[in-house]
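Quick mapping for you: the protein sequence lines, in order, are chains H and G.
Numbered per this note's numbering, the first sequence spans residues 1 to 303.
Numbered per this note's numbering, the second sequence spans residues 1 to 388.
Just so you know, these hints were derived from the structure itself, not from any lab.
None of the hints are false.
Each pair of labels, with its calculated beta carbon distance range:
(1) G:K272 with H:W67: 22 to 32 Å
(2) H:L277 with G:E72: 39 to 49 Å
(3) H:W67 with G:E72: 49 to 59 Å
(4) G:S297 with H:G66: 30 to 40 Å
(5) G:T87 with H:A123: 17 to 27 Å
(6) G:S297 with H:I6: 42 to 52 Å
(7) G:E94 with H:T281: 36 to 46 Å
(8) H:A123 with G:K272: 28 to 38 Å
(9) H:P291 with G:P139: 53 to 63 Å
A short list of chain H residues far from chain G (calculated; beta carbon distances all over 10 Å):
(10) V86
(11) I91
(12) L96
(13) V175
(14) T292
(15) G296
No residue lacks a Cβ here, since even glycine has one placed at the ideal position from N, Cα and C.
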Amino acid sequence: MLEIIIQNIINALQWGSFYALIALGYTMVYGVLTLINFAHGDVFMVGAYISFFTATLLLSFLGVPGWVALALTIPITMMLTAMVGVSLERIAYRPLRRKGAHRLYVVITALMCGLILEHANLAILGASRKAFPELITTHVYNIGGITFTNLKLAVIVTAILAFFILQWIVTKTKVGMAMRAISYDKFAVPLMGIPIDSIIVVTFALGSAFAGLAGILFAMSYPILEPYMGALIGWKAFIAAVVGGIGDIRGAFLGGFILGAVEILVVAVFPSTYRDLIAFTVLLIILSIKPTGLFGIAKTTKI
Amino acid sequence: MKKTLLTAVLSCSTLLAVSAFAADTIKIGFNIPMTGDIPKVGESSKLSAEMLKADINGAGGLEVGGKKYMLEFLYEDNEAKAESAVTTALKLIEKDEVLAMVGPNSSKQAIPAGQVANDNETVMISPWSTNPDATLDRPWVFRAAFLDPFQGPVAVNFAVKTFGAKTAAVLYDLSNDYSKGLAEIFRDEFEKKVGPGSVLAFESHGTKDQDFSAQLTKIASTHPDFIFVPDNYNQVALIVKQARQLDYKGQFMGSDAWGSSELMTLCGDDCKGLYFSTHYAAAGATGATKEFIDRYSEKYGETPDDVAALTWDATRIVLQAIQDTGGLTGKLKKDRKAIRKAMSEIPTFAGITGNMKFDEQGDPVKCAVVVKISDEGTFQFTESVCPE
Numbered sequence: 001m002l003e004i005i006i007q008n009i010i011n012a013l014q015w016g017s018f019y020a021l022i023a024l025g026y027t028m029v030y031g032v033l034t035l036i037n038f039a040h041g042d043v044f045m046v047g048a049y050i051s052f053f054t055a056t057l058l059l060s061f062l063g064v065p066g067w068v069a070l071a072l073t074i075p076i077t078m079m080l081t082a083m084v085g086v087s088l089e090r091i092a093y094r095p096l097r098r099k100g101a102h103r104l105y106v107v108i109t110a111l112m113c114g115l116i117l118e119h120a121n122l123a124i125l126g127a128s129r130k131a132f133p134e135l136i137t138t139h140v141y142n143i144g145g146i147t148f149t150n151l152k153l154a155v156i157v158t159a160i161l162a163f164f165i166l167q168w169i170v171t172k173t174k175v176g177m178a179m180r181a182i183s184y185d186k187f188a189v190p191l192m193g194i195p196i197d198s199i200i201v202v203t204f205a206l207g208s209a210f211a212g213l214a215g216i217l218f219a220m221s222y223p224i225l226e227p228y229m230g231a232l233i234g235w236k237a238f239i240a241a242v243v244g245g246i247g248d249i250r251g252a253f254l255g256g257f258i259l260g261a262v263e264i265l266v267v268a269v270f271p272s273t274y275r276d277l278i279a280f281t282v283l284l285i286i287l288s289i290k291p292t293g294l295f296g297i298a299k300t301t302k303i
Numbered sequence: 001m002k003k004t005l006l007t008a009v010l011s012c013s014t015l016l017a018v019s020a021f022a023a024d025t026i027k028i029g030f031n032i033p034m035t036g037d038i039p040k041v042g043e044s045s046k047l048s049a050e051m052l053k054a055d056i057n058g059a060g061g062l063e064v065g066g067k068k069y070m071l072e073f074l075y076e077d078n079e080a081k082a083e084s085a086v087t088t089a090l091k092l093i094e095k096d097e098v099l100a101m102v103g104p105n106s107s108k109q110a111i112p113a114g115q116v117a118n119d120n121e122t123v124m125i126s127p128w129s130t131n132p133d134a135t136l137d138r139p140w141v142f143r144a145a146f147l148d149p150f151q152g153p154v155a156v157n158f159a160v161k162t163f164g165a166k167t168a169a170v171l172y173d174l175s176n177d178y179s180k181g182l183a184e185i186f187r188d189e190f191e192k193k194v195g196p197g198s199v200l201a202f203e204s205h206g207t208k209d210q211d212f213s214a215q216l217t218k219i220a221s222t223h224p225d226f227i228f229v230p231d232n233y234n235q236v237a238l239i240v241k242q243a244r245q246l247d248y249k250g251q252f253m254g255s256d257a258w259g260s261s262e263l264m265t266l267c268g269d270d271c272k273g274l275y276f277s278t279h280y281a282a283a284g285a286t287g288a289t290k291e292f293i294d295r296y297s298e299k300y301g302e303t304p305d306d307v308a309a310l311t312w313d314a315t316r317i318v319l320q321a322i323q324d325t326g327g328l329t330g331k332l333k334k335d336r337k338a339i340r341k342a343m344s345e346i347p348t349f350a351g352i353t354g355n356m357k358f359d360e361q362g363d364p365v366k367c368a369v370v371v372k373i374s375d376e377g378t379f380q381f382t383e384s385v386c387p388e
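Assemble the whole structure, with the sequences as input and the hints as a guide.
Shown next, in the form of structure tokens:
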């Protein structure tokens, strides 16, 4: 019994890692722009596809060994995905912001951008699934009935590292200070000589790069890619970010792991039909006790 | 005013000319999943039908009652969704005015679409659906595949005999009529044969799920002799891989939804050595079946999977029925009725997936095969099971 519980905790940590990594992107953009970037789940999907093409290119055409391919795929994917995120901001969100459009319209635009990414992928690559190549040999370790793979450990460790890196950037660097400043007062910040557009670009780049990282790890763990893979997980990661307190890095991270853990543990005890029912009931209870999320601070609107 | 009248007259006559021309073609609608969860299934259906159409139109068309008709196949995407299958069926019946419909392939779509076909009195034949509900009490609906109440026991008997299995576990897709139905039949049959409580775990998941670790942890902790997975090929790949990562070393047994040519691209080495029950085995085929496989492989560069073979059979059954009507009147309702009558009267049909005979429900009585996934990734014939 004990080993089943520990086993499920490991499963939950792995599953939660993906929610956490994607939720980080939601929360950063929200923190700076108070914009819910609903295209983020699809940026994650694009990241997975970019890593697929990079890895296949490196493995099949250049013939490099798997670990070299992995070492190259990670930075290349993160950079390219960051560029996708930044392009979205440049093409879709910035023009609206310039025209002073209401936030609601930007959110709708984001939803549309997500759908465009999904269906462009469907149109270009077709509906058939892509199988992600095996970059590193998966070793299965079995210690006293508890099994884990090197991949599972790598996913969990990467998610935790990503959190610390982002937390450090936001709280300890100048860029991070500028981000927090924009989030505090969007109108006064440009007067202080802070280039607001560049900071927003950096925010999108960071958020998307980590979505790209989640894409690689997801593709390695669940090696079947399809155009709609980002939709549902993106929505759930957004909910995780809200539960954690959207706008707060710690909240996104914690929210992601809570959602992952609740989902896995519900399935471990109840039939899988109850998973979403119970998972979202738990989240609803958390929100009704603390409407701003676990780490959120209630803000009054200034007129 | 005059001009409008002239245009109206002109367009009317064009319409008449078009419909007069259309009388020499036979329209068959295909309600297949070209996007969604199982796009390969739709693609195989389409490729197979295209080959058949090229054959018949190349030979001058289909002869019905002394008159040659050209075939026109309309492929409509049902996105592998139940609700889209319904709208697709309605579109084919009402807007495109097809004579008969082939598809949908999965029971999940065939059950609701069958209702539409039956209500609108249009013949529908599903190539791949194995759930009894698709044709049950629907005189207008037929199929080319065997039924799950037959397939379930095939899997049970094979596993008991070959693996010497005394216990089993099941993992199935709860939101898929096919998967759920077959899982329940399997459980009941296995417990009847081996004894109550021999199915140690009966776990479900959703269609869009990607992580099965919680279910598999539960299953692995009961140490079953094998896991029965009546799931679509795309999920099979994930399930088998994740089970191996949880250090499950035992056997798997699958059902006919495994048999896509894409299974091995997605699953790779992990699926080698596993068994599943299906409609036909491409490796080691003879006669007309071999001829079909060779031509298909040459034309498209891949071995036809069971959906391709069943679509070939299903479409040929429809064409056979159209020929048996002895002549089309051009009146849609009347012709559809005649086709239904002819269809139910086909004595036996020699298909490439075996000989079949329709019972009163419109279901064929035919054999199933169990195949093993070889080390080269081909589906190798292991055993054939026929209904008594």
